[in-house]
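There are 2 protein chains.
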Amino acid sequence: MANLHIFDPVTDEEIVTATSLLKDLHGDGKLSFSQVDRLDPPKKDAIKYLDIERYGGGPLPYVPRRVYAYYYVNNKMPLYKAVVNVSEKFVISSKITPEGTVGPLQPDGVAAIEKAILDHPIVQAEIAKLKLDKHTYSHPSLGKLKYTVICEPWMYGTDSIHDKIPMIQAYMYLAVDHSESNHYSIPLKFSPVFEYLSHKFVRMDYLPSGADERFITETLPLSKIPAIVEYHPDLVEDYQPREGLKPLIISQPEGPSFNVDGSKITWQGWEFRVCSNVREGFAIYDVHFKGRSLFYRASLVEMTVPYLDSRPPFHRKQAFDLGDCGFGNTANSLALGCHCLGVIKYLDTRRSDMEGNPVLIPSTICMHEQDYGLLFLHKNYRTDNSVVTRRREFVIQTIATVANYEYIINMIFDQAGAITVQVRATGILSTMPNDLNNVTDFGTIVAPGVTAAFHQHLLSFRFDTRVDGDKNSVVYDDIVPMEEDLPHNKYNVGGYQKRSFVEKSGSVDQSPFTNRTYKVINENSINPVTLKPVGYKFEMPAKQMILASPKSYNVKRAHYATKQFWVTKYGEDQLYPAGEFTNQSQRDNGLVDWADGTDSVRNTDTVVWATLALTHPPVTEQFPVMTSDFMQFLVTPASFFTQNPALDVPLASNNFNKSVYFEESVNKSASCCKSNL
Amino acid sequence: MANLHIFDPVTDEEIVTATSLLKDLHGDGKLSFSQVDRLDPPKKDAIKYLDIERYGGGPLPYVPRRVYAYYYVNNKMPLYKAVVNVSEKFVISSKITPEGTVGPLQPDGVAAIEKAILDHPIVQAEIAKLKLDKHTYSHPSLGKLKYTVICEPWMYGTDSIHDKIPMIQAYMYLAVDHSESNHYSIPLKFSPVFEYLSHKFVRMDYLPSGADERFITETLPLSKIPAIVEYHPDLVEDYQPREGLKPLIISQPEGPSFNVDGSKITWQGWEFRVCSNVREGFAIYDVHFKGRSLFYRASLVEMTVPYLDSRPPFHRKQAFDLGDCGFGNTANSLALGCHCLGVIKYLDTRRSDMEGNPVLIPSTICMHEQDYGLLFLHKNYRTDNSVVTRRREFVIQTIATVANYEYIINMIFDQAGAITVQVRATGILSTMPNDLNNVTDFGTIVAPGVTAAFHQHLLSFRFDTRVDGDKNSVVYDDIVPMEEDLPHNKYNVGGYQKRSFVEKSGSVDQSPFTNRTYKVINENSINPVTLKPVGYKFEMPAKQMILASPKSYNVKRAHYATKQFWVTKYGEDQLYPAGEFTNQSQRDNGLVDWADGTDSVRNTDTVVWATLALTHPPVTEQFPVMTSDFMQFLVTPASFFTQNPALDVPLASNNFNKSVYFEESVNKSASCCKSNL
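Sequence order for the protein chains is B and Y.
Okay, so the first sequence: first residue is 1 according to full-length UniProt numbering, each after it adds one.
Okay, so the second sequence: first residue is 1 according to full-length UniProt numbering, each after it adds one.
If you are wondering where the hints come from, they were derived from the structure by calculation, not from laboratory data.
Treat the hints with care, as some may be off.
When chains are identical, the list treats them as one kind, so a pair holds in a single copy or across two.
Capping the alpha-carbon separation at 20 Å, the derived lysine to aspartate or glutamate pairs in EDC-like fashion look like this [claimed, not checked]: (1) Lys44 with Asp384; (2) Lys264 with Glu195; (3) Lys164 with Glu483; (4) Lys89 with Asp159; (5) Lys43 with Asp599; (6) Lys569 with Asp28; (7) Lys81 with Glu572.
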């Protein structure tokens, strides 16, 4: 324990220490833990620690490690929030959260409610009405298979001020009796609602399956079950793997170019710590490039996924995948040669179960290098001499499975000081029943009888900036035409940059048609070449933000999703833009409060929040499993260095890269095959 | 010759046939060829040929091969345009182009004028005024180096109706006497103008070097020469290559997954032809995926680069890199293990020199496969079973060097029917003198005394569509909120898709905040699942279009650059959006005429034109050579197939991919090193 860095992920011992102390505190009450994880130290303490760690000047200060816990006592509201000093083993605080506060879902809690719902007599009675035993499915190789019902618990969402206990809306599906059958292909038309903690039945919702909210029917025997559109090779009928794909092997015979020392990574001038946690998946800390500070902390901090299907109860489909569930909690255990290629370093995540016991989720983060084409190149056309460098990248990847959907989060570092934040959405569309195959304009028919509704993904990335020092400012730069017919614009081709400062906490509007870019600058550090402050640029794609009405709960709960770029003054514990507790929340109590225009954000300790948005009208190519949809933004030096910081990257050569001519390879592999016979 | 496909690139014999016939035609006149290349067959003939080639139904029709040539006679205007039937060896037509038409620059023509300008007594006299022999530069390892002057010929651009003969504006720079010195680091302040054909001196321009157009000085002895910011490792002082980058080897022991048969490529369900040409670099033809037709022809067809610096003569800096020079003419010869990695197939380009002799530019196109992360993935959280596929890509790459700048054009195909069109801009910024180090808002000081002006790159990609058949329509789809408080939108979360048809030739406005996407659909082919027409989507980033005033020549000459997406009805020989002849053009005679709203474009033979735009305000990190700036758009199936067409891609496994744990690799490479000692 003595060797832990202040940012290192929570340990098993720390989880046990915290949950034991809290159990003791509550005596006879049975505690159900909703979430337990490490809490960052106060920033001022951390900064002191980091500066001494980096520059010396005394012994490393002692910074106690803290763990937070959300829990219920005796499976009842209210939700408690406690903070424990696990270094010195005492409870710092344990408080009841405000009335109606609901904690995040726990993986074990979800598994338990899923089973409870399926086993419940009312649900069983509803299932019995389908007369499933009259049907079987004959698979060409697997033979006769029965049908079975799958229960998919969903966060309940919000549509009233009255739902103040944790609830679950279960969407029910039909599958064949094989573990990998794609139940999303046959959505059923009833949807039981249960209490999450007590497992009490609340009511049965019947789902609309026509073009509007009115087409609702009672549960009747199924006369005919449509063919399930399967994705698993074991189930796809007459599955024939595509031919011709030859191995492409990525090897690093001399080892990788990165070093790992606990949570500390160094690679090609970069230094940072990568630390897993249950809510965000991971965060990076203390980011430096070529010895200069860039960010104190950076991570994905929230994603909301509102659906545009207004038919009740689908109107309540608005997941907060981080706040309601957690990307660490739902992280995939990544496998060698599958989720990333090359030489791979894996990191783990530790969570607490509902009882307070530590659970290991192995290999939730993979880190590796990749080649991504050319970094820079110039050919002197007079001599035909070229300077060519390859773009090597370092990738941190985590993948969360939140029920049907998969989110792949990549932070990609290049050799020239830039970070690409890339998100890929894959997995399976959330589907709605559509018996009559109605063509609608809010969803796409992705299989007979199945609609996938339009929806949005709005991800918030938080960058606690420390660009060349503690005090930063935020500007946005537009490129605009010069006024016409001026003496110095006689030919009307002139354009110039207009710089605007963000003076107060708030948001910046998107403006792609003036080429607007956001920059974090340091007014105390002037670039000796440009004679202007150094900076880092956020280059974001112009996108549609949250589409729901400002009157809707969707927006009240995710005000952050109304704007692309936010600036706040650093505030302790201000990490999550839709607030600390999002599950069944009534309103966003994050950015809407912190970015209210009160604080001055000029030349101070600033935090920027970048909303990456994807409006997703599904297409048939995305069913039964969707090819990754990409979105990304760039964080790049903008006159931060005095010249290209990658000039020292060694030139590309085939001695190093060992590529092969097609003709050679074809001949070689042909003779190879022959000799193998 | 009998084996040539109708789209195969021009051959040496064809060039000689064409230029010889034209020389014969003009008898005693000396011909200077400005450009010679293959001309596509008439589309109706080509379609007949392709359909019989693919589906049978008779012998392949005979389609004669044609070559076009632009040339001057006796190095004088006018410019001629001829078309030659090289199969039957006769001149189809030879015509004088309209008055003032200037042909594209020839690489040999540029080399000749560059030498002529430098050797010219007036220019030599101007150089002498600098008193360069008073200065030397001491390089730590190369010792004393003299200074020398470099001449960079530029297309003249346009600012009046009077400049009707081919002209060259030369920008002059200082370098040290070493072939790889970065002359862009010291721009000189005089700029001679010459006639391109006759090599006659026209006038000497003196360049403004202050904040506006007024700061012009005569050429004086240089009192002090600032340090050149070099990029070449031989010249960078005390160059130390960055340490720690280990080899990352991409190998395909069983050979590549693609087949090459002449110009025909097949890979993972894709079929198309890749054919080099001097103007576009390359075009792809007859594009099919999984047996279904997508495009007749697709290519980059133009790029204009207007500068926003309004100070004369910089206001005339507006390159048309394809029309004025040609991306095939300026293509790099790509080298194994440098410009792309793995198993590489190269293709060549053939051009004609000014005399009409064929010139081989070897290896101008490289084709290879790459891994780019995950294609799709789903984990069944109940069983922990995952379906994981890697995204293998097939890349066609060409790289053009147009003086200072490099453009990397990638067409990237995935296994699910999508094409990514990716452009990377690299190379060296075009620089302007700035003696007084004036901070301006139209340029960035990138080195002491050097400004790099803001500018734009506006690339036009043309897709001659054949989506599931000959007749296509174009729509744009917006996602918009439902009206509030309707009975079916009680909770105000609803949104829906609004489809609009492009009925007449013209452009579509950008609309990122309604998530607008452009789609080419086939109204005669209804997707049996969605019950709507099949389509392919163009997903383009919202960007600033050309910034100059509509009054300016910049816009008159590149009207296409005012809009992102254009739709026309197919017209024979309508290939280039700014017109066939762009060099010193007075107006765009391309899209502005073809997309004038006259033609109906619904359910007909349509062509779409996508303008990819980058406004580029330079930063210091982009000097002395810039790390690649990316831009891209996606062309993806949008309910074209009935389900994910990549379901048959084999699942990822480490048997196939042979990745390695970090710990293993570090230990292995450590012991490896030991045993090597």
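Against the structure, the hints come out as follows:
| no. | hint | verdict |
| --- | --- | --- |
| 1 | Lys44 with Asp384 | neither (55 Å within a copy, 42 Å between copies) |
| 2 | Lys264 with Glu195 | neither (43 Å within a copy, 62 Å between copies) |
| 3 | Lys164 with Glu483 | neither (58 Å within a copy, 29 Å between copies) |
| 4 | Lys89 with Asp159 | neither (41 Å within a copy, 78 Å between copies) |
| 5 | Lys43 with Asp599 | within (18 Å within a copy, 65 Å between copies) |
| 6 | Lys569 with Asp28 | neither (43 Å within a copy, 79 Å between copies) |
| 7 | Lys81 with Glu572 | within (16 Å within a copy, 72 Å between copies) |
Taken one by one, the earlier hints fail for this structure at numbers 1, 2, 3, 4 and 6, listed in ascending order.
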